[in-house]
Amino acid sequence: MRKNVEVRREEILAAAVEQVRERGLDATRVIDVARALGVSKALVHYHFDSKEKLLAATFTYAAQRDLDSLDRASSSGGTALMRLWAVLDVYAPTGDASGWVLWIDGWAAALRDEQLRTVVRDLDRRWKESIAALIRDGVESGEFSCDDPDGATWRITALLDGLAVQQVVRGGVSAPRLRAWVESEVARELGLTPEHGQNPAIDSSQVRSLC
Amino acid sequence: MHEGPDRRTLILDAARDVVCERGVDAARMADIAERADVSLGLVQHYFRHRDRLLAEVFSLESERITVRWRSLVDPDADPLTRLFEYLRLCAREGTDPSVRSFRLTWSLWLEFWSKANRDAALREEVAAIYREFSAPFSEAITEGIERGMFAPKGAVPDIVDRLVSLIDGLAIRTLLGGMDQHRMLWLLVDCLCIELGVPDEQVKSLRQRI
Chain A
1 MRKNVEVRRE
11 EILAAAVEQV
21 RERGLDATRV
31 IDVARALGVS
41 KALVHYHFDS
51 KEKLLAATFT
61 YAAQRDLDSL
71 DRASSSGGTA
81 LMRLWAVLDV
91 YAPTGDASGW
101 VLWIDGWAAA
111 LRDEQLRTVV
121 RDLDRRWKES
131 IAALIRDGVE
141 SGEFSCDDPD
151 GATWRITALL
161 DGLAVQQVVR
171 GGVSAPRLRA
181 WVESEVAREL
191 GLTPEHGQNP
201 AIDSSQVRSL
211 C
Chain B
1001 MHEGPDRRTL
1011 ILDAARDVVC
1021 ERGVDAARMA
1031 DIAERADVSL
1041 GLVQHYFRHR
1051 DRLLAEVFSL
1061 ESERITVRWR
1071 SLVDPDADPL
1081 TRLFEYLRLC
1091 AREGTDPSVR
1101 SFRLTWSLWL
1111 EFWSKANRDA
1121 ALREEVAAIY
1131 REFSAPFSEA
1141 ITEGIERGMF
1151 APKGAVPDIV
1161 DRLVSLIDGL
1171 AIRTLLGGMD
1181 QHRMLWLLVD
1191 CLCIELGVPD
1201 EQVKSLRQRI
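Note that the protein sequences, when read in sequence, are chains A and B. Numbering of the first sequence is given in the numbering used here, commencing with residue 1 and proceeding in unit increments. Numbering of the second sequence is given in the numbering used here, commencing with residue 1001 and proceeding in unit increments.
Hints are computed from structural coordinates only; laboratory data are not their basis. Please note: incorrect hints may appear among the correct ones.
What the hints assert, rightly or not - FRET-style restraints, in silico, Cβ to Cβ: (1) Glu22/A <-> Ala1026/B: 28 to 36 Å; (2) Ala1155/B <-> Asp147/A: 23 to 31 Å; (3) Leu1072/B <-> Ser141/A: 42 to 50 Å; (4) Thr193/A <-> Asp1051/B: 45 to 53 Å; (5) Thr118/A <-> Ala1026/B: 19 to 27 Å; (6) Thr193/A <-> Thr1009/B: 38 to 46 Å; (7) Glu1201/B <-> Gly77/A: 38 to 46 Å; (8) Leu1072/B <-> Ile31/A: 46 to 54 Å.
Think of the CB as a built atom: it goes at the ideal place given N, C-alpha and C, for glycine as much as any other residue.
With the sequences and hints as input, model every part of the structure.
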């Protein structure tokens, strides 16, 4: 019984993520989530007694899913560059950018909601810690040359955040062009020649299965 | 009738403040009218639809930024100085009364992105706003290349797109925590100098002005 309740809760959150992506944070109602699952509004309310609680839990759930992908990517094995790219491929808007839609809404809402701000900030900190650690690994093993791994992490991730905004909101940059930018940025930060900065798993089938 | 434009601006400013405080979706016409201390009928008279009002809020803000930049940055200064000043204006403290606070300016853009995400009409506005925001950067970089000051590897529109992305990305994290305005400017100057191939001596003197 307890297990069933847990599964239900997770199903509701997964459905809520989809609804928020499609409709936007403010336009998503409890009834939309219930309809998407073919369950009653009462069942959703049994798990989450208000829309606010449901949406807060939705972002926490989405953040946890992102972190699970991050953990899988950063422990995927291979050289530091391969692992770094596995992580950046999950993060960057070069593939499926739909995850970013949710976070762009989340950023705006986080300005007015301290709990959500904590979720967003913790998620961001975890990404940056992982990326900086991979850069340090690469510096130690002699793969990369980088004096300032934290600064490099900031410049790479801030570029990706901004590109994600452009990609999602404006749809201006083609995926190959975006990828080329990210590759040259990574190469420059890590002291690699442009060819060597490239993502070794360029066909990305292995990476994509992680997402 | 002659007082029309003022009242219009008054309503737009009230709308901007309500959007920043409550979020774009929660900003109702009635709330905006109340904030502007005018009737709902007057708001509807000027703007008819809420979406039109919101689109104008965002485009007015972008126009004002352009005007502000033009008045605050000496057009005869050398291109690198101008670029530095633009970056400083993006990242500066809200202490200068001629500049709206960092938080208010950027929280409006966060709202704008979140809204434009799902609004086709507003997407066109986004493209126009990005063009307007990018123009001073493009002009200064192009002039610097012509005068032999910069030797960038990439094409000018690509450099500007990357710079604008970086500004947006750093501003988001400054608003939400983890970054501050000083470090934001420092990172922006680094990136600008790397992109444009600015000699170390000049990089140093720019850094001293941060």
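For each hint, the structure was consulted:
1. In this structure the supplied range 28 to 36 Å is violated for Glu22/A paired with Ala1026/B, their Cβ-Cβ distance being about 19 Å.
2. For Ala1155/B and Asp147/A, the hinted distance range of 23 to 31 Å is satisfied, since their beta carbons lie about 28 Å from each other.
3. Between Leu1072/B and Ser141/A the CB atoms are about 48 Å apart, so this pair conforms to the stated range of 42 to 50 Å.
4. Hint check: Thr193/A to Asp1051/B, Cβ distance near 49 Å, so the stated range 45 to 53 Å holds.
5. The given range of 19 to 27 Å is respected by Thr118/A and Ala1026/B, whose C-beta atoms sit roughly 21 Å from each other.
6. A hinted range of 38 to 46 Å is violated for the C-beta pair Thr193/A and Thr1009/B, which are about 54 Å apart.
7. For Glu1201/B and Gly77/A, the Cβ-Cβ distance of about 44 Å falls inside the hinted range of 38 to 46 Å, so the restraint holds.
8. Take Leu1072/B and Ile31/A: their Cβ atoms lie about 50 Å apart, and the range 46 to 54 Å holds.
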